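K.L.:
Now for the letters of each chain:
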Amino acid sequence: MKTMKNLARTSALALLGALLLAPAAQGVPPHPDKLTYPKFTYQPPSAKEYRTVLKSGPVAFVAEDRELPLVSINVALRGGTYLSPAGKEGLADLAGYLLARGGTATKTAEELEERLAFLAASLNSGYGPDRGNVSLNLLAKDLDEGLAILREVLTAPRFQDDKLKLRRDQLLNDMKSRNDDTADIEQRERGFLAFGEGYYTNRYTTKASLESITREDLLAFHRRWVDPRNVTVAVAGDFGKGVSRAQMIAKLDALFAKWPYKGEAAPPVPTPTHAMAPGLYVVDKDVNQGRVSVMLPALARTDPDYDAALVMNDVLGGGGFTSRITNRVRSDEGLAYSAGSGIVGGVWYPATFRASFQSKARTCAYATQIVLEEMTKVRDAEVTDEELQTAKSSFIDTLSRNFATKAQTVNVFLDEEFTGRFAKDPDYYRNYAARIEKVTKADVQRVARRLLATDKVAVLAVGKKDDLLNPDPKHPVKFPELTGGKLTDLPLRDPFTMKPLAPAAK
Amino acid sequence: MTIRRQILVAAAATALLLGGPAAAQEVKGEEHVLPNGMKLLLVHRPDEPSVSAGWVAKVGSANERVGMTGISHLFEHMMFKGTKTLGSKDPKRDLEIIEEQETLRGEMRAEESKMRAAWRRGEVDDLMKPENKTARYKELEAKFDALVKEQRDLLVKNEFDRIYTKNGASGMNAFTSYDMTAYFITVPKNKLELWFWMESDRLKDPVFREFYAERDVVYEERRLRVESTPTGKLDEAFDSIFWHSTPYTWPVIGYASDVANITKQQADDYFATYYAPNNLTAVLVGDFDKAEALKLATEYFGRIPRGKTPPPEVTTLPTKWEYDLRFEGEADTNPTAEIRWRTVPFQHKDSYALSILAELLNGRTGRLYKSMVLPADAVATQAYAVHNGFVGPAKYAGSFVIGAEAKEGQLPPEVAAKALAEIERLKKEPVPADELRKVKNNVAANSFRRLSSNFPILLQLMVNEAYGDWTEINSGPKKLEAVTAEDVARVAKTYLVKENQATALVSRKAGSAPSADDAALAEVPEQVRPMIKQALQQLAAEKDAAKLKEGLAQMETQAAQVPPQMKKGFELLVTKARERLAELEKAGDKK
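Protein chains in written order, with the numbering used here: chain Y, 803 to 1308; chain U, 2 to 592.
Extracted from the complex, chain Y is given alone in its bound form:
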């Protein structure tokens, strides 16, 4: 701007000189908004290009990619920790982990580990809350041996006793640390507040449940749930010299053919029934920074408002430095390193909205007040055009990054299949940009009104209670008043039983 003004006042001669210099000036525009770009529209791949149904039952996504001499196979298993019976919490975790770590019918655990290590193959397995996974990554030249090992792991695991004991000891040791880190405490209590004590994600492994699990339990669990009818599989990479995609598919078919026992189809993931109770909840722990989560019930990703909710959250606190909570709590006030919000569209049931930050205990109440103000603002007024456009771009123009490698691509599609979205909306990603583009400012405000009931928030604060309730005199915010005056003390839990500890016992 300044240069232009000066130019207008200069003599003709100087102007001529300036014009002679113009090519350089043209090269570097004064502002990035002046840049022009070659046109480019990204077209994501289609699941159909990779999808096939194996004769032995499972759906498979198979992609050839010979850039590196590696191949990766991911077997997803319907089921999860919700399949662990009451009193045997930890069974799914152990049965999942020990598939790869406990040996097979023909190989002791030690022999299996040594062979995998010699082949530089990585074989891992486990059950998470709502799915199991067995993954193998190895050199293309070893594919056939790797598939033979994988077949044995899936159909004839040994669950060696000493490896069960080792894993138990490791988990017991981990258990001892349950009250050490405020991040762990916060995560746990958040779960209890959101979904209630009885919900399966809150049924923690205890010392007693862990010690009750036997090798027979593992075998029975495995035979019941690890079955081709629960499998979806994704393969990407180099299939080996001269091996075509069709031949690779035949190999995969053999992997799941003639299953030696008959299992069951996994039941659906249980749906929570608990209603989050508003209020302020405090866990007292003597550290010099508090961790705060502001929570509300949200929605499932099948909800018609889901796309609008994503955009709304991006403006509010999900978009990092382009979002309002980050700008105010972090950039303006310097109150936290990480501050923002998230809406995870629940795959199986409505998940939660959560805004969170970590700040020195005496400014936690003030930062919470700012978060609540921003939630109110996005509800009470429309977002700006620029905010809307920035949020949309952050979804639309980054889509290609989900498909950066063939391995990522087949795993994205595996997820689509596994969660049932492919069956309902096979072109979900093809239509992704158009759907996000359709979201209007009115949609954003409507969904904010629906979801952000600031008078109903449950606020969890973990930190030194005396300091949390003794605000910095510069910002004398009374923490409990932010949630209608209600404060509930949450005691730490006994790490071995997960029962709340009596305050005196601390």
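No lab work stands behind these hints: they were computed from the structure. Every value quoted in this text rests on a predicted model; they were computed, and no experiment measured them. Hints are supplied without guarantee of correctness; some may be wrong.
Per label pair, the in silico range of CB-to-CB distance [to be verified]:
hint, chain 1, residue 1, chain 2, residue 2, range
1, U, Asp545, Y, Ala1022, 33 to 41 angstroms
2, Y, Pro1070, U, Ala377, 37 to 45 angstroms
3, U, Glu142, Y, Val1146, 53 to 61 angstroms
For glycine and all other residues, C-beta sits at the position ideal for the given N, C-alpha and C.
Position chain U against the provided structure of chain Y, taking the given hints into account.
P.N.:
Same frame as chain Y, now just chain U:
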């Protein structure tokens, strides 16, 4: 949630990355040097329609001094605060406000100096407490806050981020370590010119606005990563002792009071010295035209003048100590033992054998796991080994680290002794060929795995370049492949010796959490609890089955005479002694 501008801390043994890809898979980088000294490295990979782009400044906490530790990292934060063009609606007034703020800060510093003197005399306790600020300080602070408010009304908040985001860029971040500061992002392939515009603008005309709020952010980051974590402060203390007499002795994030006192003037000077183009390398990996990229680099980065003076070299060489350092501490954590040795820096000819040596010890089929975790008489539940961890301190000195988490009932010194026995074995017995092959196979395969997409390649190139040579990504794997069994024994004997050694023994802070026995112990009357607890520890450490059997028999004969207040404790001891004996006998059977 996005977490940006982070420091990578070296301690994570899991973040092990040895070097680069195996010989067969070369990264074909094209190197150019602009007339102003800035280096450009181009790697064409058309897989995905995007470019992962970054630049690395060859400066990190090793270039700092006490009094301004943490400035490299704070400075990294400041690089996102905008430029003369971006970030303010009224750049002229914005700069004036910054001047006025600095004047006030000068007066505030004078007050801070008085407060520090009062602290030294013991008149105030904690300088961070708001109640301890002087009246004059509060008055100045109110004036300062008013200026911040005025400035805020003129800001285009985080415009630097906004422009990138609305143009479809993602993953903008940066990190600071001991030896480097790196900035990176991924842009759609048609937006490469935007990257050149933005990065050259912030290198040419940065404005370090909102400096003091950002300093507070960094202080919160320190609380988050160090002060409020179970072992953060202990790790920091051990690092400091281990690295004494080297520029790695202070933490990357800086000492607390240094972070709270770094001045904007210091940041300005730092920028002029270390962010001159002659100290930077830009790296592009992805789908772009190389000639076009070179043209844009010349046009955009070429505008930045070379630094007036070259950055000063780090001349501190590690002193050799001649003793076995010991560090003991307590924290809310499971007991652990870690042993470290000072070794050699990046690309030292012995660094490859040390890396192979670490891999022989590390992992589920590594020697530490086999000797410490798997046996029936295991002492640990986890074990690890690493030489010069990825992004760890490595430019001016090196470290070899082994460690383990103690199993229930085991004490850190025993765990350390067991780990050291494995080191001694490596010095005496040559490594079998199969075992060496296994380790090398994994080193090679993992180097392929790190080449699967643009960003990991960019990261490795920037890191290697900052240590001194990006081509390590291609040459390192060959040197690792060439390591022999003799090399391994030789470097173990040369470097893993007492004169180079520091041991950290960490126990659980008393009463910080129940141990597995504490539930049972809780039922024992309080006055005898410590005694029983000690006996239980001795019991768990007992290795001689015959001796234990004898003791148990003796206890059983005494059962009738036990006084009532001892009864619970006595029963617990007998139960535990039986369990321990069964364990020992089982272990004996297997041998």
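K.L.:
State the violated hints by number, sorted upward, taking the hints as numbered earlier in the document.
P.N.:
3
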